[in-house]
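Colleague: For the sequence shown, the working numbering gives the first residue as 1, with consecutive numbering after it.
Simulated from the structure, these hints should not be mistaken for lab results. Hints are not guaranteed to be accurate.
Derived EDC-like pairs (lysine to aspartate or glutamate); straight-line CA-CA distance at most 20 angstroms [as the list claims (entries may be wrong)]: (1) Lys197 to Asp255; (2) Lys84 to Asp72; (3) Lys245 to Glu124; (4) Lys199 to Glu159; (5) Lys245 to Asp255; (6) Lys84 to Asp100; (7) Lys102 to Glu50; (8) Lys199 to Glu249; (9) Lys245 to Asp100; (10) Lys245 to Glu167; (11) Lys263 to Glu159; (12) Lys245 to Asp200.
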Amino acid sequence: MTGKHRLKNTTPRCGAVSVAAVATAGALLAQPAAASAQDLGSSNLTAGIEQFNNDIRNNAWQTRNTLFAQADAVLPAPHNQNVKNIVDGGMNLLFPGLVDQKLAEQRAAEEAAARAEAERVAAEQARLEAERAEAARRDALNIPAGVCPPQAKACIDIEGNRAWLQENGRITYGPVPASTGADGHDTPAGMMTVNRKIKDEVSREFGNAPMPYAVYFTYNGIAFHAGSPYILSHGCVHLNYGDAKVFFERLNVGDRVFAYGDKTYGYPNGPI
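Using the sequences plus the hints, can you model the full thing?
Modeller: What follows is the structure in structure tokens.
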């Protein structure tokens, strides 16, 4: 016995991992992009240097992402985030502005992809709505003369699930597919008057459900608005988006709306 004893290592395990990660980051980030070094010998020295620098920065970013993935794989929260913060701190020292630049590029790419997907979905929805509207128009029965009074600007055939616009009894738009109130939420029949219009309306009564191009013709919340004309409502008149836009643009406060007919579905809500 020499009387000597070894001191216990009191460094927390996660701290050791963090130090190791930083050391690894420094080593990897300092590696030159050897594959691009040959550009320096080309006649276009400026372009070669620029390419060389870009390669170094891109390699550094790939290394940063690899370290992030390793931190997530081996460390629990919040230690993994601590390591990521340290790695990004090193990145900012070695390559100022690189983290912000790459994150901005990622956000821009994600936003562009989201916009493209939204445009694709909207185009597909518009195509389907156009096909359905055209099919409904082809299949629509002739509207009997006088069924909707000539003083009405908009007409709703509750039983026929359709609506149209007219001027002095002459149809100017439609008929188009429309859904009305389900059992217990019947759309009122008779002559009514447009009292307000709200383009980007929401239903506060039903969890801020969207009601684009709302044209109210009662004082208790009944309106034309964009929505599926194949789903029953709580009293409003659902129109395809394009049709709702036309109704919104052509109807004005004071115009008369006439609804006629009744329909019993046998269930409180759902598809027509």
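Colleague: Hint by hint, note whether the structure agrees.
Modeller: Now for the hints, and whether the structure bears them out:
For the hint pairing Lys197 with Asp255, the CA-to-CA distance comes to about 12 angstroms; that is within 20 angstroms, so the pair holds. Straight-line distance between C-alpha atoms of Lys84 and Asp72 comes to about 9 angstroms, which keeps the hinted pair within the 20 angstroms bound. Distance restraint check for Lys245 and Glu124: the Cα-Cα separation of roughly 18 angstroms lies within the 20 angstroms cut-off, and the hinted pair is therefore satisfied. At roughly 27 angstroms between alpha-carbon atoms, Lys199 and Glu159 are farther apart than 20 angstroms, so this suggested pair is violated.
In summary, the hint linking Lys245 to Asp255 is supported, as the alpha carbons are separated by about 16 angstroms, within the 20 angstroms threshold. Restraint check for Lys84 and Asp100: the C-alpha separation of about 14 angstroms stays at or below 20 angstroms, so the hint holds. A distance of roughly 17 angstroms separates the Cα atoms of Lys102 and Glu50; the hinted pair therefore holds under the 20 angstroms criterion. Between Lys199 and Glu249 the CA atoms are separated by roughly 10 angstroms; this keeps the pair inside 20 angstroms, and the hint holds.
The straight-line distance between the Cα atoms of Lys245 and Asp100 is roughly 42 angstroms, outside the 20 angstroms bound, and the hint therefore fails. Of the pairs offered as hints, the one joining Lys245 and Glu167 holds, with about 18 angstroms between alpha carbons and a cut-off of 20 angstroms not exceeded. This hinted pair checks out: Lys263 and Glu159 have alpha carbons roughly 5 angstroms apart, not beyond 20 angstroms. Pair hint Lys245 plus Asp200 holds up; C-alpha atoms about 11 angstroms apart against a cutoff of 20 angstroms.
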